[in-house]
Amino acid sequence: MTGKLLVVVGLMFGFGYALVPMYRAICNVLGINVLSVAEQRAQGRFGAGNSQVDSSRTITIEFDANARGPWDFEPATRSLQVHPGELTTVMYEFKNVQNRTMAAQAIPSYAPHQAAAHFNKLECFCFSEHILAPGESKTWPVAFIVDSKLPRDVTTITLSYTFFEVGGRVPPAPTGELQPAATVQLHPTARTVGSS
22 MTGKLLVVVG LMFGFGYALV PMYRAICNVL GINVLSVAEQ RAQGRFGAGN
72 SQVDSSRTIT IEFDANARGP WDFEPATRSL QVHPGELTTV MYEFKNVQNR
122 TMAAQAIPSY APHQAAAHFN KLECFCFSEH ILAPGESKTW PVAFIVDSKL
172 PRDVTTITLS YTFFEVGGRV PPAPTGELQP AATVQLHPTA RTVGSS
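Letter 37 of the sequence shown, counting from 1, is numbered 58 in the working numbering, and no numbers are missing.
To be clear, the hints were calculated from the coordinates, so they are not data collected in a lab. Quick caveat, the model's predicted, so the values are computed rather than measured. Mixed in with the good hints there might be a few duds.
Stated by the list, open to error - Distance ranges between label pairs, derived from CB positions:
hint	residue 1	residue 2	range
1	Asp85	Gly31	30 to 38 Å
2	Ser100	Met33	38 to 46 Å
3	Gly24	Phe148	38 to 46 Å
4	Arg121	Ser100	30 to 38 Å
5	Glu95	Thr122	19 to 27 Å
6	His134	Met33	52 to 60 Å
Here a beta-carbon is modelled for each residue, glycine too, at the ideal position from N, C-alpha and C.
Given only the sequences and the hints, what does the whole structure look like? Please build it.
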């Protein structure tokens, strides 16, 4: 019975650990939450392409933030107007309101779907995991360029981040009290190894 319970616990841990990669794979198959071309290449590098500003077009970029956990997460700016090819930087604000250290990562999604291939992030907090202490606040930049090859019928792009806690990376916070792991009673005739 104990063996079966340990197997179930192991499977549950493995499933929880594999949840984020499975989520990304499912979203890619369904065509939602697709990582941008810049994220699929070497992170942080912008590939060769047209970087000229197209002043004849204006694109509205809407910023959204969702937190899957007890913390505060929001964009400093809700929307702005950009020209394709123009380098733009916006900030996202995050605060760990928990009483323990946490590790988390943001996963981006784009609407409409066809905009994802034309939204090139040069700098983004979503490229890596972040560890935050209890009560710690951070402000993170997102630097991006909307490719001038964006289809003309797309006039608004929504960039949405969902912030997930990454389990199993940070040890639980100490409670302040030491609890014995187990009490062991030795038999009166037992001896401790190494004693005389």
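Verification of the hints:
no.	hint	result
1	Asp85 / Gly31: 30 to 38 Å	holds, 37 Å
2	Ser100 / Met33: 38 to 46 Å	holds, 41 Å
3	Gly24 / Phe148: 38 to 46 Å	holds, 41 Å
4	Arg121 / Ser100: 30 to 38 Å	holds, 34 Å
5	Glu95 / Thr122: 19 to 27 Å	holds, 21 Å
6	His134 / Met33: 52 to 60 Å	violated, 33 Å
Hint compliance for this structure: hint 6 is the single one not met.
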